[in-house]
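A.B. asks: Let the sequences and hints guide you as you build the complete structure.
Taken in order, these protein sequences are the chains called A and B.
Anchor point for the first sequence: position 112 equals 112 in the numbering used here, and the numbering is continuous, going up by one each time.
Anchor point for the second sequence: position 88 equals 1088 in the numbering used here, and the numbering is continuous, going up by one each time.
Derived from the structure by calculation, the hints contain no laboratory data.
A virtual CB, placed ideally from N, CA and C, is assigned to each residue, including glycine.
Any given hint could turn out to be false.
Stated by the list, open to error - Away from chain B, derived, C-beta distances all over 12 Å, residues of chain A:
| hint | residue |
| --- | --- |
| 1 | F20 |
| 2 | A57 |
| 3 | L73 |
| 4 | Q81 |
| 5 | R84 |
| 6 | S95 |
| 7 | E99 |
| 8 | E105 |
| 9 | R134 |
| 10 | R192 |
| 11 | G219 |
| 12 | E255 |
Stated by the list, open to error - Label-pair distances were calculated between CB atoms; the ranges are:
| hint | chain 1 | residue 1 | chain 2 | residue 2 | range |
| --- | --- | --- | --- | --- | --- |
| 13 | B | E1130 | A | R106 | 36 to 44 Å |
| 14 | A | E88 | B | E1068 | 52 to 60 Å |
| 15 | B | L1024 | A | P211 | 44 to 52 Å |
| 16 | A | S58 | B | L1024 | 50 to 58 Å |
| 17 | B | S1123 | A | A72 | 39 to 47 Å |
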Amino acid sequence: MWMAHSRSPYGAKRLAIACFALLLVALFLLPAQIQGLLQYLDGPVGHVVRVPLEAIASIDTGIAHRWEQYMALQGVREENQQLRKEIEWLRGQHSQLRESAAATERLTALLHFKEQALPTMIAAQVIGRDATNRYRAIILNKGESDGIKPDMGVVTPAGVVGRVVKTTGASSVVLLVTDPNNAIAGLIQRTRDEGIVEGTQQGLAQLKYIPLLSTLRNGDRVVTSGLVGGFPRGLVIGTITSIDKQEGALFQSAELMPEVDVGRVEEVLVIQTSYGQSTTTGTGADLLGKPSP
Amino acid sequence: MKYLFYLILVLLLVPLQTTLLPHLSVWNIKPDLGLVAAALVGLFAGELEGLLVGLAIGWVLSLFSAGELWLSLLTNGGVGLLAGFLGRQVSQVTSISLGVGLLLVSLASGLFAAMNFKHLDVSQMWWMVESIVLPQACFDGAVGAGLYWLLSQRFHVTRLRTE
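C.D. replies: Pasting the structure below:
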């Protein structure tokens, strides 16, 4: 049996133990101060790390796009025919919606609804996923220097993606709607019952604390309620797939299929200011639901 | 030169862990390269360097994770320190013994992290251990053992450890 020789001086060993002990004491006794101290360094380090991160992310995206383009050529003819049918149907829908929009505009003017501003958004690219397996999060290529702050909502045109939880100078971490640590105020679009949307461990989402008298059913859409957090009202979160109503329970809950496939999202919009805080003015309705007085 | 290597290692670990590894994940589980790197640095360079590099890796990776900073510092720094001690005390470290050691350390840190999750009941905790902590520990052990084996094929690792 051969023993490894220690060339390291005895002092180094003692120093290492002392450093670790000091760190443990500091982390447990002064957690806020330690985090505050490290936050000063987060910005510059974030900028330095951004260089290799964006370089590798752009190579990765390039390869993924090439592969997707190749794969997209498979079955193009069938897809084309299907899309043509869809366009026909959408044209019909479009003309109906134009009529509805005109009617809504007239009624809005009649009822003197308050004009609201559209939310200000920042476009960002997804450059990575959470460094650990324990959280469902994505990393964006924009951070504090672009005006992104923790608790801002993150969406795509399809619906809600998640919430910013951490920022550095040049990047930010977004906790996805499917993470169990995330909570977003939600609203069933048809019944207008409110609840809290949380992620599940299986990678879906659930709407909790729904009133027992709610007449929700499978297929109902859940949107943001806009009451708390960085989301305006009416952004789609998901569709109810199953309902859990237990005897004796104070509330019922429902499982949701998120509207956005968060595993494949590549570009997102960060909501910088919600309704009413923006400088630009727009139409007065929420994004999907009823107009608010 | 050594410090430049450490700097490049820390900088490259972030894109590797956050951008490339998700493509190589098995059942949505990817190995924790930070933990493996801290262990290998501790093993070859001693406890002090293992601790410092582990802390640097833990801090930088925590900037790109929704997780807690203190947990990342504690696990990566602790692994570097522990590997440094073991590297000087244990004779003939083989890729298998290193893999088993990493598996145990990863398991311990994963369990510690799971216990720190809020609002987890027993069934959810068990689900997390079964589907995240345990597979990741196996993955970390396998990757660590593989890297050590590769290094031992390329370099004289016993000399590296004692020099």
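A.B. asks: Now, for every hint given, state plainly whether the structure supports it.
C.D. replies: Hint by hint, here is what the structure shows:
no. : hint                            : verdict
1   : F20                             : 5 Å, violated
2   : A57                             : 5 Å, violated
3   : L73                             : 22 Å, holds
4   : Q81                             : 33 Å, holds
5   : R84                             : 35 Å, holds
6   : S95                             : 44 Å, holds
7   : E99                             : 45 Å, holds
8   : E105                            : 42 Å, holds
9   : R134                            : 6 Å, violated
10  : R192                            : 27 Å, holds
11  : G219                            : 28 Å, holds
12  : E255                            : 15 Å, holds
13  : B/E1130 with A/R106: 36 to 44 Å : 59 Å, violated
14  : A/E88 with B/E1068: 52 to 60 Å  : 53 Å, holds
15  : B/L1024 with A/P211: 44 to 52 Å : 45 Å, holds
16  : A/S58 with B/L1024: 50 to 58 Å  : 19 Å, violated
17  : B/S1123 with A/A72: 39 to 47 Å  : 42 Å, holds
The structure is inconsistent with the numbered hints 1, 2, 9, 13 and 16, although it conforms to all the rest.
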